[in-house]
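Participant: What follows is each chain in one-letter form.
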Amino acid sequence: MAGNKRIMKEFADIQANSPPGCTITLPKEDDLLNWEVTMDGPSDSVYAGGRFKLAVALPKEYPFKPPNVSFKTKIYHPNVSNDERGSMCLGMLRADEWKPPNKIVEVLKLVRAVLAAPQPEDAVEPGIANEYKNERRAFDKNAKEWVSKYAK
Amino acid sequence: MAEDDERTEELGSLEAIYPEFNIDHDRFSATLELAVTPSKPLLVRFIPQVTNNGKGSSYAQAATNGNAHIERDVELSHLPPLHIESTLPDGYPSTVAPKVTLTTQHDWLPKDRLVELESQVERLWNEYGRCQILYVYVDFLQQAVERSFDLDQCADGCLVLPSTTEKLLTDFDEATKVSIFNAGTYDCGICLEPKKGTRCYRMKKCGHVFCLQCLQDFYNNAITEGDITGVRCLDPTCGKDLAMAGDGRKRKRESKRTLHPRELLAMGVEESMVRRYVEMKRKKKLEADKTTIYCPRTWCQSPARSNKYPPIPADLTLYAGDDSSSDEDHVESGANRDGSATSGKASKGPPADPADRLAVCEKCNLAFCRVCYMGWHGPFARCFPRDPTELSAEEKASYDYIRLHTSPCPTCSSPTQKTMGCNHMNCFQCNTHFCYLCGAWLDGGNPYQHFNKPGSECYQRLWELEEGDEGQGPEDGRGFAGGRRWEQMAIEAAREADAAEAAQLAQVEMVAPPAAAAQLEPIAVHMAQIRLNDEPVVEAQVRQRPNGRRRQNPFPARPPAQGQAQAVRRHERAGAGRNGTNQRGNPLAQDDGLQRFLELAQRDEEDGWDSDELDEDDVRFVIR
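Chains A and B are the protein sequences, given in the same order. Per the UniProt record's numbering, residue 1 is the first one in the first sequence, and the count goes up by one each step. Per the UniProt record's numbering, residue 1 is the first one in the second sequence, and the count goes up by one each step.
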């Protein structure tokens, strides 16, 4: 399979030209399947000033199967599960929507776009989604609180 | 001599410009093949049998010829080259014009057009003041090619050709496209590496290019996993434009655009894999279609033949599963489903034309009636809807016979009966070698090993029951039971468990008289008592159910499954048939309905029973 070679290429590309606000490293050098990403909260969002750790786990079938993205830093967001997994599943990350030409760069761009503009219709946390839709002020407050509590 | 020099010089300079320029120096003549690739594809209409040899042929003429005008419009990007043969006679260029002959392969360019083009050389030669004119002329032709010789400017708006040339021209077009594609280099979006065109594939519908290796890997993987909807173009943007239509139908639309098996074969996916893909696709459609009828033979149960889902052809490239039309089918059958949800099993009612009741199993070829599930009884017999899980007395006898006197093939379960010979069997359906006595798979190369291994259950029993399975088996009861023996043992065990359970429940019944019944009016109690005598087991079960609403279902045909005993009871009931053997079902159900009515009347309630709760294949409900 095209797997490893492609991952190496992607990793080299992303190092040379990383998406805004992102730093990508391999926690274990010989393990290409587990990437660690540090993402700054978009400056025009409630997550501004926060620094979030994400784990990007590539399945061994990658790129035939989508990567698994999870927040290691707790975040108050309708599209990120509010548990120790911090998992995310929307858009191209869904198994039935993933297409092999998609790249990790695009995934990270998507994640950042979702931080800037949450998608309450596609939420994994309906409670937070409701708050986001109906009581934006409360949502903003909570999100900012969590940023200063967990993401500094 | 000066003229000779001029002619040689002109031919020489043209050769420098067009490397494929072919010169005959003795005759001062040369040939050149001019590739015909118009700036926009040329529309060609192929019509059958143009009688007047293509000359002045037009669509209008052909149509009035009275021929069946099944014409086909094809857009061609590449046409066979224009063959230019020019001779520079003595006296050229100052006094004599050059001679030019133009031809095309398969005569696709109309004669009058060729003549007109040929005449242009003299016009140009005069216009340019009788000088060296070949380069100007070739350039002129090239410009004409760009405009497709203005063939689309005629009355028909397209080039009209006899249909006999269709294959030649489309093949040429295709071959040229392939060779151009093969000469290119493409960046595969999956492995992210540049690949030669020969190792890439371009999708037929959308034109996206990926390398063969990645495509094969991906589709093999998807088909192996059974992910049929994944077999589509892999480009992330592909299909998205269609998906914008509406939210509800979005995903359906998108996933519907799966690839034709022809494309998978073209990109080098193994035929067995492609076949699996086509089979799964068809099966999925059949199973999703509520109108699909299945063969009533319990060992077969294949779908009946249907025009809607033609069988898969041996040549997969001819597979007719057109995805765009199946899209509509899907929506339609969805609407049907909604309709039938309100009107019950309306779709299963007898078809308007009685002859439509005939159904033929696509696998075992059994002809049966789609209403009563009996063997086909001709179009005029009167019959009634029946649940296929219920057997008539005749079928039950047949089923029992099959159970007692056949051994199922361990691979395909086809019942096999031995009329004579040894116990090494060879399945008539799937060619599996197996042992008639115990149903074990046998090695086709050495099937007798099974009977010659000391300690094996069938040791030295190769010739047992030589005269057929109705012959004498050995005294110790090890006689023939085939693979069904375990089934029979299980039924036996379940029956015992059933009896034990019934006895236990009857005991419970004696100790604690039903509280619910006691609270009712005298007549209701009376009813309950009748039922008690009639059917203690079911009664007790109904009462024991914790859910008050559910137990009032007027058709408590199938009590909740309680292990083996229930399974067997159901099995037996299915065998009971309609021929008066079903005393257990109807009176009870009627009593129960009455009982329920009385209960409700007493509490002044409406029937809150929801038809959705009823199981689809609820036997008693269907009979009534």
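Just so you know, these hints were derived from the structure itself, not from any lab. No experiment lies behind these values; they were computed from the predicted model shown. All C-beta atoms, glycine included, are put in the ideal place defined by N, C-alpha and C. There could be a bad hint or two in this list.
Stated by the list, open to error - With the C-beta cut set under 8 Å, the calculated list includes, among others, these residues of chain B facing chain A: (1) 28; (2) 194; (3) 221.
Unchecked claim - Using 30 Å as the maximum straight-line C-alpha spacing, the simulated DSS-like pairs for lysine-lysine come out as follows: (4) 195(B) - 109(A); (5) 133(A) - 53(A); (6) 453(B) - 103(A); (7) 111(B) - 60(A); (8) 103(A) - 111(B); (9) 111(B) - 177(B); (10) 196(B) - 5(A).
Participant: May I ask which of the numbered hints given earlier this structure violates, with the numbers listed in increasing order?
Facilitator: 1, 2, 6, 7, 8
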